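Colleague: Sequence:
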Amino acid sequence: MSGLIITPAAMHKVANVDVDVKYRQPGNVVTYVSIIFEVYQKGNKFYAIPFVSEETKILTNLPPEITFRMQNETIYEVSQRYKEVVESLVERLKAFVSI
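According to full-length UniProt numbering, the sequence shown is numbered sequentially starting from 1.
Each hint should be verified, as a subset may be incorrect.
[Said to hold, decoys possible] Using C-beta positions, here's what the derived DEER-type ranges look like:
{"no.": "1", "residue 1": "77", "residue 2": "26", "range": "30 to 36 Å"}
{"no.": "2", "residue 1": "59", "residue 2": "83", "range": "15 to 21 Å"}
{"no.": "3", "residue 1": "79", "residue 2": "32", "range": "38 to 44 Å"}
{"no.": "4", "residue 1": "51", "residue 2": "97", "range": "15 to 21 Å"}
{"no.": "5", "residue 1": "79", "residue 2": "53", "range": "33 to 39 Å"}
{"no.": "6", "residue 1": "64", "residue 2": "12", "range": "25 to 31 Å"}
{"no.": "7", "residue 1": "10", "residue 2": "59", "range": "28 to 34 Å"}
{"no.": "8", "residue 1": "28", "residue 2": "74", "range": "19 to 25 Å"}
{"no.": "9", "residue 1": "12", "residue 2": "87", "range": "33 to 39 Å"}
{"no.": "10", "residue 1": "22", "residue 2": "64", "range": "17 to 23 Å"}
{"no.": "11", "residue 1": "74", "residue 2": "16", "range": "33 to 39 Å"}
{"no.": "12", "residue 1": "96", "residue 2": "56", "range": "21 to 27 Å"}
{"no.": "13", "residue 1": "84", "residue 2": "15", "range": "18 to 24 Å"}
{"no.": "14", "residue 1": "45", "residue 2": "25", "range": "32 to 38 Å"}
[Said to hold, decoys possible] Cut-off 20 Å, straight-line C-alpha distance, at most; resulting in silico cross-link-like pairs (EDC-like, lysine to aspartate or glutamate):
{"no.": "15", "residue 1": "57", "residue 2": "73"}
{"no.": "16", "residue 1": "94", "residue 2": "20"}
{"no.": "17", "residue 1": "94", "residue 2": "54"}
{"no.": "18", "residue 1": "22", "residue 2": "54"}
{"no.": "19", "residue 1": "42", "residue 2": "77"}
Hint data in this document are derived by calculation from the structure and do not stem from the laboratory.
Because the structure is a prediction, the values reported are computed rather than measured.
Note that CB positions come from ideal geometry on N, CA and C, so glycine has one too.
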């Protein structure tokens with residue numbers, strides 16, 4: 001479970017968004033699985049918490065939360081490992097919040 005402690009005064013929930021997350025099957029076959037993320041915002045920092053089963057967490061190797069910053073529609077401070085996931089999240093978030 002996430003170590004993130006959410007306090008309403010500190011940040012607010014932006015949306016629940018679904019994103020297709022890539023993973024590799026045996027034989028180096030690339031497959032996607034749809035994952036719902038609960039996204040919170042505090043200033044220009046976003047926290048994306050995936051709702052996944054243990055099996056899916058192991059399969060996709062997702063962390064308990066992915067954090068990133070946005071400024072002027074540019075993504076900052078994101079792990080290269082999760083950059084593709086964050087880019088998809090940001091595209092979906094544009095429908096809910098001005099980024």
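Colleague: All the hints need checking, so say for each whether the structure fits it.
Modeller: Cross-check of the supplied hints:
no., hint, result
1, 77 <-> 26: 30 to 36 Å, "holds, 34 Å"
2, 59 <-> 83: 15 to 21 Å, "holds, 19 Å"
3, 79 <-> 32: 38 to 44 Å, "violated, 19 Å"
4, 51 <-> 97: 15 to 21 Å, "holds, 19 Å"
5, 79 <-> 53: 33 to 39 Å, "violated, 22 Å"
6, 64 <-> 12: 25 to 31 Å, "violated, 20 Å"
7, 10 <-> 59: 28 to 34 Å, "holds, 32 Å"
8, 28 <-> 74: 19 to 25 Å, "violated, 32 Å"
9, 12 <-> 87: 33 to 39 Å, "violated, 22 Å"
10, 22 <-> 64: 17 to 23 Å, "holds, 19 Å"
11, 74 <-> 16: 33 to 39 Å, "violated, 24 Å"
12, 96 <-> 56: 21 to 27 Å, "holds, 24 Å"
13, 84 <-> 15: 18 to 24 Å, "holds, 19 Å"
14, 45 <-> 25: 32 to 38 Å, "holds, 34 Å"
15, 57 <-> 73, "violated, 29 Å"
16, 94 <-> 20, "holds, 16 Å"
17, 94 <-> 54, "violated, 29 Å"
18, 22 <-> 54, "holds, 16 Å"
19, 42 <-> 77, "holds, 14 Å"
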